[in-house]
Structures are given as structure tokens and as C-alpha cells.
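With the hints as extra help, turn the sequences into a complete structure.
One line per chain: the protein sequences are Y and U, in this order. For what it's worth, our numbering labels the leading residue of the first sequence as 1, then goes sequentially. For what it's worth, our numbering labels the leading residue of the second sequence as 1001, then goes sequentially.
Possibly wrong hints are sitting among the right ones.
Stated by the list, open to error - Among chain U residues calculated to face chain Y with C-beta under 8 Å, some are:
{"id": "1", "residue": "G1073"}
{"id": "2", "residue": "A1074"}
{"id": "3", "residue": "P1077"}
{"id": "4", "residue": "L1078"}
{"id": "5", "residue": "G1080"}
{"id": "6", "residue": "Q1113"}
{"id": "7", "residue": "R1115"}
{"id": "8", "residue": "G1116"}
None of these hints come from the bench; they were simulated from the model. Glycine included, every Cβ here is placed at the ideal spot set by N, Cα and C.
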Amino acid sequence: MVGLVIVSHSWKIAEGVKDLASQMAPGFDGIRAAGGLEDGEIGTDATRIMEAIQAVDQGDGVVILCDLGSAIMSAETAIELLEDEEGKYRIADAPVVEGAIVAAVEAAGGEDLESIIASAEDARNESKL
Amino acid sequence: MSRVYECLTKIGETITENKDFLTDLDREIGDADHGINMTRGFHAVAEKVPSDLEDIGAALKKAGMTLLSTVGGASGPLYGTAYMEAGKVMAGKTEMTAEDFKAALEAAIAGIQKRGKAVKGEKTMLDALIPALDAYTAAIEGGADMGAGLEEACKAANEGIEFTKTIIATKGRASYLGERSIGHQDPGATSATLTLETIRDFVKA
Ligand SMILES: Nc1ncnc2c1ncn2[C@@H]1O[C@H](COP(=O)(O)OP(=O)(O)O)[C@@H](O)[C@H]1O
Ligand SMILES: [Mg+2]
Chain Y
1 MVGLVIVSHS WKIAEGVKDL ASQMAPGFDG IRAAGGLEDG EIGTDATRIM
51 EAIQAVDQGD GVVILCDLGS AIMSAETAIE LLEDEEGKYR IADAPVVEGA
101 IVAAVEAAGG EDLESIIASA EDARNESKL
Chain U
1001 MSRVYECLTK IGETITENKD FLTDLDREIG DADHGINMTR GFHAVAEKVP
1051 SDLEDIGAAL KKAGMTLLST VGGASGPLYG TAYMEAGKVM AGKTEMTAED
1101 FKAALEAAIA GIQKRGKAVK GEKTMLDALI PALDAYTAAI EGGADMGAGL
1151 EEACKAANEG IEFTKTIIAT KGRASYLGER SIGHQDPGAT SATLTLETIR
1201 DFVKA
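Right under this line is the structure:
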């Protein structure tokens, strides 16, 4: 099964998005939040992201959803630290909340990495009204 | 205490002394945290890097790993990657030559560019570091030693800071300000220059 990591500058946002997405995928425990710094301050921490990726990696890949700016740089750093030559850790170019919900549903349903990335990125085009 | 550890703690002291200054610069064109971020990072560096570690490469790598996880802002992965890449160049070495410093600074800049995908002229730390590397290289190729080379590097870095006042930010948070970022100096270019000045003073002492 594909794992899911939620990265945000805010610990609360990351945890909240994880809760929201988990609710859509009962029984699926492949989601981790990597928000804020270790002490709860606002920021992103490449090491925490790396550990979250490792925690949900079952061999089928991990989809990472980020908020903005340095969240992406930190996630890229984490992927590099893990020396991911096969490219199985991927950042989805998707909105965090909508992307996480779509990705959780699909990951829980056993979809593969590529289709989950595609669906999460598609969430960007979904009109809300 | 190893020389490299001493130098790292000196950088941390300079950053800490300039915490409010760097934060105020970031208030103008960012989110008012650059000094806070960097000070937090370097406090952790002083704690996490073993004080008797003589291997310069290992010490720089450890410093980089620590910055990655404690700085918090964009400067975390950027400086973190910079120190780690410089560490790769210095792996196993317990002394640094003028040539080594050039190679380390080159690797650090390449790391920042890999991570942040910025080039010179986008109002970032690169606007201090790239001219500094060019000036340093020219100086040592002309026969200058490391201290004299760093003297030239710092002059160029300070000119780089002045240059950042004249341009629009196109990378990082400051890019949200567009035209309004003109007139303000870049916090990251400032912390990079303070770092080089500290290394210069350390080498020349
Ligand atoms: N893509 C980038 N490439 C190089 N330097 C950057 C980039 N983005 C931001 N910076 C540097 O980081 C500094 C801001 O750092 P900091 O305030 O700690 O992070 P944040 O912007 O996340 O709050 C800027 O002044 C700039 O020099
Ligand atoms: Mg900032």
C-alpha cells in the first residue's frame, strides 16, 4: 500500500489534515503528519519529514503533500536524505486538504503510486462552487 | 575544542548578536523570523556538533543536518544543504587550505541552487555568496592567502547586499511583495555576509 505524508509549517494544520483524511479512509493507518518543528514552533523540519516517510513506507511508494515555500524544499531535502533512487517518494503538486482526502481514499483502496499522484493533482482543478 | 567547532560557534555568536537586526530586515520583506530561525539553528549546532570533532567534513555535515531540522524557514533547507555539501568536499580533512575553502564555498552555493532553484539577481543569499566566491577565487588565483581572499570575498558580499536593495525579489516569501521589495536589503544575503565576515575574522585572528 502507498503511504501518505502531510507536510505543513503548522503542526495543527498537518495533524488536522491527517485527521480529516483518515476519516475518509477508516482502518487505513498509512498517513503521517510532519508539521512544524519538534518543539511545536511554526516551520518545516526535513528530518521529521524523513522519519514520517520511513514510517509509512511499505515498499509501494509514498505521496507527500506540502503547504507552501520551504515545505517543498524541506520535503525535497528529506527525499534526498533517503537516497530514493527508484523515485518512490513523490511530492504531489496538489492542494493539501483536497489532495490528502483524495489520496487517502485511493491509498486505502489499494491504488498505485502513479494513479494516486494523478488524482491528487487533479483535485486542483475541482471547482468548489 | 576543535578549530572547526570553534568557528561554527563563532558564526552562531555573530548570528545571535544580529538576531534582531536580521529579524527586522525580514519584517520588511518577509515574515519577521530570519534572525529567530537562524539563532535557533545555530544554538542547536553548538549542542549537536561534538566540540572535539576534528574532521571538518563531518562537523560541517552534522551542522548541516542540524540546521535542516531546527531553522524552520526556507533558510533551513538552504543553509542546511549548503553546509552538508561543503562537508562532502571537506570529508576526512582536519585542515583547510585556501583552495579547500574555494571548493567548499562552490559546493555550498551549488547546494543552495539545487535546493532553491534561484540564480543571481533574485534578491537572495546568492547575491552575496556568488560575488563573494568570484572575488575570493580571483584573489587566491592572484596569490592571496585565505585571509586576504576572504577580505575580498567580504567586500564583494557587502556590495551584494547593497545590490539586493535595488532589485525585486522573485524567489521566497519576499516575492509576494513584488515592487514593494525594492529599497530593502535581503535578510539571507545579510546573514550570509555575516557568516563570511566571521570566518574571515576567525582565519585572520
Ligand atoms: N529559493 C531561494 N534560493 C535562495 N535563497 C532563498 C530562497 N528563498 C528564500 N531564500 C533566502 O532565505 C531568506 C529568508 O529566510 P527565512 O526568513 O529564514 O525563511 P522564510 O522565508 O521561510 O521565512 C531570504 O532572505 C533569502 O535570502
Ligand atoms: Mg522569514
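List of violated hint numbers, smallest to largest: Going through the list in order, the structure violates hint 6 alone and respects the others.
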